[in-house]
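*Asks:* In case you want the letters, here they are:
There are 6 protein chains.
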Amino acid sequence: METNNRYEKGTQVMEELFSQEVQSGMRHIQEISPDFWDMIVSFGFGDLYGRNALTLVQREYITLTTLLTQGAFDQLKVHIHASLRIGMTQEEIIELIIQCAGYVGFPKAVQAMGIAGEIFKTYEK
Amino acid sequence: METNNRYEKGTQVMEELFSQEVQSGMRHIQEISPDFWDMIVSFGFGDLYGRNALTLVQREYITLTTLLTQGAFDQLKVHIHASLRIGMTQEEIIELIIQCAGYVGFPKAVQAMGIAGEIFKTYEK
Amino acid sequence: METNNRYEKGTQVMEELFSQEVQSGMRHIQEISPDFWDMIVSFGFGDLYGRNALTLVQREYITLTTLLTQGAFDQLKVHIHASLRIGMTQEEIIELIIQCAGYVGFPKAVQAMGIAGEIFKTYEK
Amino acid sequence: METNNRYEKGTQVMEELFSQEVQSGMRHIQEISPDFWDMIVSFGFGDLYGRNALTLVQREYITLTTLLTQGAFDQLKVHIHASLRIGMTQEEIIELIIQCAGYVGFPKAVQAMGIAGEIFKTYEK
Amino acid sequence: METNNRYEKGTQVMEELFSQEVQSGMRHIQEISPDFWDMIVSFGFGDLYGRNALTLVQREYITLTTLLTQGAFDQLKVHIHASLRIGMTQEEIIELIIQCAGYVGFPKAVQAMGIAGEIFKTYEK
Amino acid sequence: METNNRYEKGTQVMEELFSQEVQSGMRHIQEISPDFWDMIVSFGFGDLYGRNALTLVQREYITLTTLLTQGAFDQLKVHIHASLRIGMTQEEIIELIIQCAGYVGFPKAVQAMGIAGEIFKTYEK
Chain A
1 METNNRYEKG
11 TQVMEELFSQ
21 EVQSGMRHIQ
31 EISPDFWDMI
41 VSFGFGDLYG
51 RNALTLVQRE
61 YITLTTLLTQ
71 GAFDQLKVHI
81 HASLRIGMTQ
91 EEIIELIIQC
101 AGYVGFPKAV
111 QAMGIAGEIF
121 KTYEK
Chain B
1 METNNRYEKG
11 TQVMEELFSQ
21 EVQSGMRHIQ
31 EISPDFWDMI
41 VSFGFGDLYG
51 RNALTLVQRE
61 YITLTTLLTQ
71 GAFDQLKVHI
81 HASLRIGMTQ
91 EEIIELIIQC
101 AGYVGFPKAV
111 QAMGIAGEIF
121 KTYEK
Chain C
1 METNNRYEKG
11 TQVMEELFSQ
21 EVQSGMRHIQ
31 EISPDFWDMI
41 VSFGFGDLYG
51 RNALTLVQRE
61 YITLTTLLTQ
71 GAFDQLKVHI
81 HASLRIGMTQ
91 EEIIELIIQC
101 AGYVGFPKAV
111 QAMGIAGEIF
121 KTYEK
Chain D
1 METNNRYEKG
11 TQVMEELFSQ
21 EVQSGMRHIQ
31 EISPDFWDMI
41 VSFGFGDLYG
51 RNALTLVQRE
61 YITLTTLLTQ
71 GAFDQLKVHI
81 HASLRIGMTQ
91 EEIIELIIQC
101 AGYVGFPKAV
111 QAMGIAGEIF
121 KTYEK
Chain E
1 METNNRYEKG
11 TQVMEELFSQ
21 EVQSGMRHIQ
31 EISPDFWDMI
41 VSFGFGDLYG
51 RNALTLVQRE
61 YITLTTLLTQ
71 GAFDQLKVHI
81 HASLRIGMTQ
91 EEIIELIIQC
101 AGYVGFPKAV
111 QAMGIAGEIF
121 KTYEK
Chain F
1 METNNRYEKG
11 TQVMEELFSQ
21 EVQSGMRHIQ
31 EISPDFWDMI
41 VSFGFGDLYG
51 RNALTLVQRE
61 YITLTTLLTQ
71 GAFDQLKVHI
81 HASLRIGMTQ
91 EEIIELIIQC
101 AGYVGFPKAV
111 QAMGIAGEIF
121 KTYEK
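Chains A, B, C, D, E and F, in that order, give the protein sequences.
For the first sequence, the residue numbers in our numbering are 1 to 125.
For the second sequence, the residue numbers in our numbering are 1 to 125.
For the third sequence, the residue numbers in our numbering are 1 to 125.
For the fourth sequence, the residue numbers in our numbering are 1 to 125.
For the fifth sequence, the residue numbers in our numbering are 1 to 125.
For the sixth sequence, the residue numbers in our numbering are 1 to 125.
If we strip away everything but chain A, and leave its shape as in the complex, we get:
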């Protein structure tokens, strides 16, 4: 069944990107609207992230940049964790934020850098 495949593929992508803790944090959406949850998994992660043409790291370059640009800092947090999980280095994330400064201005870049710094600390001993 086609729909199940989309949902399953989305679930697999989410397993790669997010820790169990993050995933259960997302689950409150499922209680409010099971249909919306289905779209997030099947379309957002299945149809989009599940495509082969780019690696997950390349996709996170895109995701981190668009979230920073639109000022969606709560989701940026989630995806900085995801980026580290799939192998981006702290240096790459810092560098991405610096590159953004020239394109979106310092206020959003500074805020993103502060968030990244907080997250990096939690990975230290």
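I should point out that these hints are in silico values taken from the structure, not numbers from a laboratory.
Misleading hints may appear alongside valid ones.
The list treats identical chains as interchangeable, and a pair is accepted whether it falls inside one copy or across any two copies.
[What the hints assert, rightly or not] Under the rule of at most 20 Å between Cα atoms (straight-line distance), these lysine to aspartate or glutamate pairs were calculated in the DMTMM-like manner:
#, residue 1, residue 2
1, K121, E15
2, K121, D35
3, K77, E124
4, K77, E31
5, K121, E31
6, K121, E21
7, K121, E92
8, K9, E118
9, K9, D35
10, K9, D38
Based on the hints, put chains B, C, D, E and F in the right spot on chain A.
*Replies:* Structure of chains B, C, D, E and F alone, referenced to chain A:
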């Protein structure tokens, strides 16, 4: 001399990214405000693009995404040309736009795809 | 007196939309700038919401959508309460958020859905 | 077959919303990226617009508002035509734009009103 | 009569800011929606610009900056003309755009600078 | 040495704008990325704010407006403090926010006014 180095490095990056035609199109800014032009070259291309931690292709992933997200379609045009010039494929650009659809919505992604399509045609026989 | 009519009409609209609690929460603006408060009531609620061509529910469709699109989540909260108060159903609000996902992307839609879910809980026993 | 159903439902919605002329104008996307076209039809129009909980007119209230708010004026044009086609009146559209002025400011509202006026003229004898 | 005073004050402000040519260009809004036109004049120019606490030049600093930041370049054009008309210098406008570059990024600042340059040319012999 | 001059000039501007407390709050950026910190000081405050063509008060008109327009309320807080420190009055700040209401809509203006009110209180006995 430090300042000259920043400006020179920026000039080198611009040579890699932009054709002579695009570069002369940008020069009208220099006539309006030589100081602003200096900032674009020294800070924008020298300080930011000139850093070693990311490749130019990685930087264009960031640039294309932020321009699409903020709806800066004139500059997007310039950077789609730049991306192709430094070795990104048409497929990669299409894929980047598709990934953005889930993060910024279809209106901006559709507009970007239309622009990309127009540019791709000019590279065909 | 014309001005008073605009202010009075605005006050009536606010009575319909907002609980006493919400209204007193808004009053801190009046202390900071009585003139600005007068504009909010006379122009925002009197001149705009007070027009006959649309119902309050139709106006809240517009208000919820624009607030979600611009990421003004604090005001979105206030207007989800208002929407329920004037007769929109929880299902309609969920549906509006889902429709927005395609136009503004998932990050803002997910954040709005989370906020809506929190509010819906407070209306349960 | 599930996927076909999503695509077919999307096609039906597009028939209701858009004239043949508008639909063929959209088809250039299909040539650039058949996959992206499929997402627009199956997800955008099938999954979102194809849901029963809201009428098409209610959905266009949302669409017009989000496009105006994000300054996507090319798509706004397309959806003002669509709104008139499915039965919204010119007065309703004017009223929606006026309500938006208070929420997004006059610049975008004035631009939208100018666009609406141009379109309304084409419907006169 | 109060309303008339607001409209009259707005008309006076518009006379100071805009040439006859610009003012008649704005009048198409009045044909589409006389009520919206009244709001623009009475609220936008009467209530806001008509206040005494700031000079028109100080208000144009605010207006130019917000228009550049939100990418409302058509209105930016109108207000660059207005700014020059009420006594801002070309150097001040260039400087304002440069300051914005750090806060909104180069793409919007470059676009604004190009627009300013075009306008400045029309004031030369 | 040129670079040092840019950094020193930036440091001087920051001394004028920000209290010691605010400045140390900003220093966490330096720990995360010394290079980014150098750009903020040398480019943001040295190259931009350090130019002679506008006064610091004129620059804060621009900064407050762009921060309000882009919804960067955390940085708005910092710059309302800075504006008061360099001699803007509370009335000027209120007036700037009122002027913005017509250009960006009430939601962001109301939020900014609330923030300003909170800050003004801390300056009272």
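*Asks:* Hint by hint, where does the structure go against what was stated? Just the numbers, ascending.
*Replies:* Violated: hints 1, 8.
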